[in-house]
Amino acid sequence: MPIDPNKIIAMAKDAFPGDEVKLIDMAGDNNHFMLEVISASFEGKSRIAQHKMVYDAMKGKVGEEIHALSVKTKIPE
Amino acid sequence: MQEVMDRIKSEIENNDIVIFMKGNKDTPMCGFSALVVQIFSHLGVKIRDINVLEDENIRQGIKQFSDWPTIPQIYVKGEFIGGSDIAKEMFQSGELKQLLIEKSLIAS
Chain A
0 MPIDPNKIIA
10 MAKDAFPGDE
20 VKLIDMAGDN
30 NHFMLEVISA
40 SFEGKSRIAQ
50 HKMVYDAMKG
60 KVGEEIHALS
70 VKTKIPE
Chain B
0 MQEVMDRIKS
10 EIENNDIVIF
20 MKGNKDTPMC
30 GFSALVVQIF
40 SHLGVKIRDI
50 NVLEDENIRQ
60 GIKQFSDWPT
70 IPQIYVKGEF
80 IGGSDIAKEM
90 FQSGELKQLL
100 IEKSLIAS
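As given, the protein sequences belong to chains A and B, one line each in that order.
Going by numbering that gives the first Met the number 0, the first sequence opens with residue 0, and the numbers climb by one from there.
Going by numbering that gives the first Met the number 0, the second sequence opens with residue 0, and the numbers climb by one from there.
This is chain A alone, in the form it adopts within the complex:
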């Protein structure tokens, strides 16, 4: 059962309060998403660490209800 994209946004906003969060449906099938998070909390962290923070925010759903999640992390200008 594909996940409701609003749920993904809610989880991201929960983990990154006040930060900009963008979700793009890559395939139009509610199953392949790209999640972009812009947060100062990424500063000084490796790409792996940054992406892990985003995956962790999804509370174990990646690979389960969320079939594919591409991650893009940025630090605010």
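Hint data in this document are derived by calculation from the structure and do not stem from the laboratory.
Each hint can be trusted.
Some but not every residue of chain B turned toward chain A, in silico, with C-beta under 7 angstroms: (1) P68; (2) G81; (3) D84; (4) I85.
Below 27 angstroms or equal to it, Euclidean Cα-Cα: the simulated DSS-like pairs (lysine-lysine) are: (5) B:K76 to B:K45; (6) B:K87 to A:K73; (7) A:K60 to A:K12; (8) B:K62 to A:K6; (9) A:K71 to B:K21.
Cβ coordinates follow ideal geometry from the N, Cα and C atoms, glycine included.
Given the coordinates of chain A, work out where chain B should sit on it, guided by the hints.
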């Protein structure tokens, strides 16, 4: 489970570049895995491909091993590099080539 972890450890210790992927390097079975194969092929390096679709134990085991929820997963000289998003970014910025040069896997 320990057997799977040992197997994974052995693969990444004995091969310079290991890609845990869906399908194999000649026939990738997912766009993200295909992209990673393409990137390393472009850089002209040999990769050890491990098809997680052939072994559910490896498919789950590698996620636990790396503490990373998605496939593909890239290891260079035993170090976890990330998945396709990171590979793409590092490739585009030149960082990936630089890393391979540093690890003596390609000439500068």
